[in-house]
Amino acid sequence: LLEDHAGRRRTLYSLRHTYATLALISGDIDIHTLSRQMGTSVSMLERHYSKLTATMAAARLG
3 LLEDHAGRRR TLYSLRHTYA TLALISGDID IHTLSRQMGT SVSMLERHYS KLTATMAAAR
63 LG
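Position one of the sequence shown corresponds to residue 3 (the working numbering), numbered consecutively onward.
Simulated from the structure, these hints should not be mistaken for laboratory data.
Every value quoted in this text rests on a predicted model; they were computed, and no experiment measured them.
The reader is advised that the hints may include incorrect statements.
As the list claims (entries may be wrong) - Between beta-carbon pairs, the in silico distance windows are:
1) Glu-48 - Thr-20: 17 to 27 Å
2) Asp-6 - Gly-64: 26 to 36 Å
3) Arg-10 - Arg-62: 14 to 24 Å
4) Gly-9 - Gly-64: 32 to 42 Å
5) Thr-35 - Tyr-15: 14 to 24 Å
6) Gly-64 - Arg-10: 31 to 41 Å
7) Gly-41 - Arg-11: 20 to 30 Å
8) Leu-4 - Gly-64: 36 to 46 Å
9) Arg-62 - Thr-35: 18 to 28 Å
10) Arg-38 - Ala-8: 25 to 35 Å
11) Arg-38 - Leu-14: 30 to 40 Å
12) Thr-13 - Leu-54: 18 to 28 Å
Every residue, glycine too, gets a C-beta built ideally from N, C-alpha and C.
All chains should be modelled from the sequences, with the hints used to inform the complete structure.
Shown next as structure tokens:
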């Protein structure tokens, strides 16, 4: 957990990013709850993860 596949030390930012990504992919949490958990705004999450959420929406449409 402390290092990535290439042996580079992980940062708090990378762990935070991984958490947000996995939370959104799982679909178990909505973006509003996630923003409260992470102490950030919905608009910030939308800015940084909009491609991810757009891809997920397209996949749901088939």
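Hints and how they fare:
1. Glu-48 - Thr-20: 17 to 27 Å: holds (18 Å)
2. Asp-6 - Gly-64: 26 to 36 Å: holds (33 Å)
3. Arg-10 - Arg-62: 14 to 24 Å: violated (34 Å)
4. Gly-9 - Gly-64: 32 to 42 Å: holds (40 Å)
5. Thr-35 - Tyr-15: 14 to 24 Å: holds (21 Å)
6. Gly-64 - Arg-10: 31 to 41 Å: holds (38 Å)
7. Gly-41 - Arg-11: 20 to 30 Å: holds (24 Å)
8. Leu-4 - Gly-64: 36 to 46 Å: Hint holds: Cβ distance 39 Å, inside 36 to 46 Å.
9. Arg-62 - Thr-35: 18 to 28 Å: Given about 19 Å between the Cβ atoms, the range holds.
10. Arg-38 - Ala-8: 25 to 35 Å: holds (34 Å)
11. Arg-38 - Leu-14: 30 to 40 Å: violated (19 Å)
12. Thr-13 - Leu-54: 18 to 28 Å: holds (20 Å)
The structure is inconsistent with the numbered hints 3 and 11, although it conforms to all the rest.
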